[in-house]
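Asker: Given next are the chains, with one letter for each unit.
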Amino acid sequence: MATLTHHESATAEYLELSPKTRRTFISIIVAGVVLLAIGLIMAAFYGGGHEAAGAAHGAGAAHAAGPEAGAGAAHHEGSPAWLKRLIVSLWHNNVFFVGVSAIGTFFVALQYVAYAGWSVVIKRINEAMSVWLLPGLVIFLAVFFLGRHDLFHWTHDGIMDPKAANYDAIIAGKSGFLNTPFYLIRMVVYLGIWWFFSERLRKISLAEDLNGGTEYFHKSINVAALFLVLYAVTSSMSAWDWVMSVDVHWFSTMFGWYVFASWWVSGIALTTLTAIYLKQAGYLKYVNSNHLHDLGKFMFGFSIFWTYVWFSQFMLIWYANLPEEAVYYNQRLGGFNGAYTWMFFFNLVINFVFPFLLMMTRDAKRQMIMLKIVSIAILIGHWSDFYLMLMPATMKGENGFVIEIGVALIFLGSYLLLFTKRLAQASLVPVNHPFLDESVHHTT
Amino acid sequence: MTKRFALGIFDDEDVLLHAIENVRAAGVKIYEVFTPFPIHGIDDALGIERSRLPIAAFFYGMCGLAFALWMQIYMLGFDWPMIIGGKPHIALPAFIPVSFELTVFFTCHGMVITFYTISKLYPRWRTPVLDVRSTDDKFVMAIEINESTDLNNLSKLLRENGASEVNEKEMTKN
Numbered sequence: 001m002a003t004l005t006h007h008e009s010a011t012a013e014y015l016e017l018s019p020k021t022r023r024t025f026i027s028i029i030v031a032g033v034v035l036l037a038i039g040l041i042m043a044a045f046y047g048g049g050h051e052a053a054g055a056a057h058g059a060g061a062a063h064a065a066g067p068e069a070g071a072g073a074a075h076h077e078g079s080p081a082w083l084k085r086l087i088v089s090l091w092h093n094n095v096f097f098v099g100v101s102a103i104g105t106f107f108v109a110l111q112y113v114a115y116a117g118w119s120v121v122i123k124r125i126n127e128a129m130s131v132w133l134l135p136g137l138v139i140f141l142a143v144f145f146l147g148r149h150d151l152f153h154w155t156h157d158g159i160m161d162p163k164a165a166n167y168d169a170i171i172a173g174k175s176g177f178l179n180t181p182f183y184l185i186r187m188v189v190y191l192g193i194w195w196f197f198s199e200r201l202r203k204i205s206l207a208e209d210l211n212g213g214t215e216y217f218h219k220s221i222n223v224a225a226l227f228l229v230l231y232a233v234t235s236s237m238s239a240w241d242w243v244m245s246v247d248v249h250w251f252s253t254m255f256g257w258y259v260f261a262s263w264w265v266s267g268i269a270l271t272t273l274t275a276i277y278l279k280q281a282g283y284l285k286y287v288n289s290n291h292l293h294d295l296g297k298f299m300f301g302f303s304i305f306w307t308y309v310w311f312s313q314f315m316l317i318w319y320a321n322l323p324e325e326a327v328y329y330n331q332r333l334g335g336f337n338g339a340y341t342w343m344f345f346f347n348l349v350i351n352f353v354f355p356f357l358l359m360m361t362r363d364a365k366r367q368m369i370m371l372k373i374v375s376i377a378i379l380i381g382h383w384s385d386f387y388l389m390l391m392p393a394t395m396k397g398e399n400g401f402v403i404e405i406g407v408a409l410i411f412l413g414s415y416l417l418l419f420t421k422r423l424a425q426a427s428l429v430p431v432n433h434p435f436l437d438e439s440v441h442h443t444t
Numbered sequence: 445m446t447k448r449f450a451l452g453i454f455d456d457e458d459v460l461l462h463a464i465e466n467v468r469a470a471g472v473k474i475y476e477v478f479t480p481f482p483i484h485g486i487d488d489a490l491g492i493e494r495s496r497l498p499i500a501a502f503f504y505g506m507c508g509l510a511f512a513l514w515m516q517i518y519m520l521g522f523d524w525p526m527i528i529g530g531k532p533h534i535a536l537p538a539f540i541p542v543s544f545e546l547t548v549f550f551t552c553h554g555m556v557i558t559f560y561t562i563s564k565l566y567p568r569w570r571t572p573v574l575d576v577r578s579t580d581d582k583f584v585m586a587i588e589i590n591e592s593t594d595l596n597n598l599s600k601l602l603r604e605n606g607a608s609e610v611n612e613k614e615m616t617k618n
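So the sequence lines, in the order shown, correspond to chains A and B. In this text, residue positions in the first sequence follow our numbering: the first is 1, and each later residue adds one. In this text, residue positions in the second sequence follow our numbering: the first is 445, and each later residue adds one.
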């Protein structure tokens, strides 16, 4: 293997995907498809569990659910429950994976702008993470065209027409922002910007591998700084568009940050997990417990950050107790016959209490096994966090888990296939990065 | 009590770091190293154990949390109950910000006081300065010596490892 470096110590290393690994990823997809099929059959023939049968078939029929669930049933229109669950689930997983992808680029950009040296040996993982942006855009557009009425109340025909029977003055007041053409333009713009800057940073970095010199580094800083400014705006707006607008009457000024915090900590968890798996497979020879320690600090710190944002949003709404705001927590705490109550508390435990207690000591942050447990918990936890953001507004009390986990596994397997493919396309060590030496000798 | 020290004076921190390793490897016990600024990795080179300050910090934090909860529950729940925003007298979500702040307050004050105490940095403590240049641009390695120490050998060892000068100094501790 040719060495393309002026550092005597650093040599390029390339990930070789064994057929066994690819088989593992494909079997994740197959398991997802099987679960999805089981879930769809169950939902179609048995009504999808719980009290969903009544709500799915009799829109006008009063049934013995709580007042919110009753209202949910009255709103019910369009697709049958199984199809609706599939559509919402695709959207939910795509929001999660697109967000985590964008975090890859965000992380790289942040490290450039901060002149950070320690993260150089893991930056190729972050570069490869952004692989889901274009597939994500395609899935978003497809799901939006096929199932927007199941997802977004504001897309219903006539809802903004004063003469229509289902006219809603509040939603009509938001028509300047929430209308289909502008919504689609924004979606393309967000993902376009993220994808463009991911590719740009990646290309500069690969050119640096070949030619060396510091000009690529300075160019990356400019590109990264511009990206961070744009990302600050687009990440917040995409959170309103993709997640908050399912609860179209409701609003929260914390929401952009809340979604970003969720993506960010999941992205760091994915980086850590990938670094550990690669390390255990014999790659990333320069990554040692010092780098893992820093990633562990990030996971610990940003789990607390997420909780801080979560609580900031919760406490203001809880204290003021305005009906139009409090409805969000009414639905999640006890609403729909308590369908989401356990998840509400599970969300706090797995995303805050668990990482907080496990990652507290220095030793824990330096041990692969602890980091592995916590990263997996955080990834599951924040997937559930997005579940909790999207499901109560869209599925009301008819939510379930078999279809949702099936779709999640299909996404996971496909993401891993693309992610590892991109990871294998370049050297895992950015051999000519000016801070490589600093990263190799990093101590904490 | 009077102690005598051999002082190796170094001009460069990299030289100093390697010297520390070599001197310790030669079986000489280093009393202390004085540097004008913190040097990365010097704790490991000197074999200093990790501080137990974080453990103390945890308990200070728990004290702060307990105090904050006790204070709020007692004041707002029993001593002077008031209805605020239609919430119960003891409304835990409302107590979280104050509890958080007091936890941080107790933790940092406890840590600072503990750190100063164990580092003997409290008022009127006379800080021993073996060589004033260690507050400017020199790195000073102090090795305690007594009658049985072979000074020539020690001096040779320090100079071989890059010390620009080797001095002797007596210090009276009270």
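Hints listed in this document are in silico derivations from the structure and should not be mistaken for laboratory results. Misleading hints may appear alongside valid ones.
Computed Cβ-Cβ distance ranges for the label pairs, DEER-style [claimed, not checked]:
| # | chain 1 | residue 1 | chain 2 | residue 2 | range |
| --- | --- | --- | --- | --- | --- |
| 1 | B | THR616 | A | VAL353 | 20 to 28 Å |
| 2 | A | MET254 | B | LEU536 | 14 to 22 Å |
| 3 | A | GLN367 | B | HIS533 | 39 to 47 Å |
| 4 | A | LEU210 | B | LEU536 | 57 to 65 Å |
A virtual CB, placed ideally from N, CA and C, is assigned to each residue, including glycine.
Asker: Are the hints correct? Go through all of them and say.
Answerer: Hint-by-hint comparison with the structure:
At roughly 54 Å, the beta carbons of THR616 of chain B and VAL353 of chain A sit outside the given window of 20 to 28 Å. Checked against the hint of 14 to 22 Å, the pair MET254 of chain A and LEU536 of chain B passes, with Cβ atoms roughly 20 Å apart. The given range of 39 to 47 Å is respected by GLN367 of chain A and HIS533 of chain B, whose C-beta atoms sit roughly 45 Å from each other. Evaluation of the 57 to 65 Å hint for LEU210 of chain A and LEU536 of chain B yields a pass: the beta carbon distance comes to about 59 Å.
Consistency note: the structure conflicts with earlier hint 1 alone.
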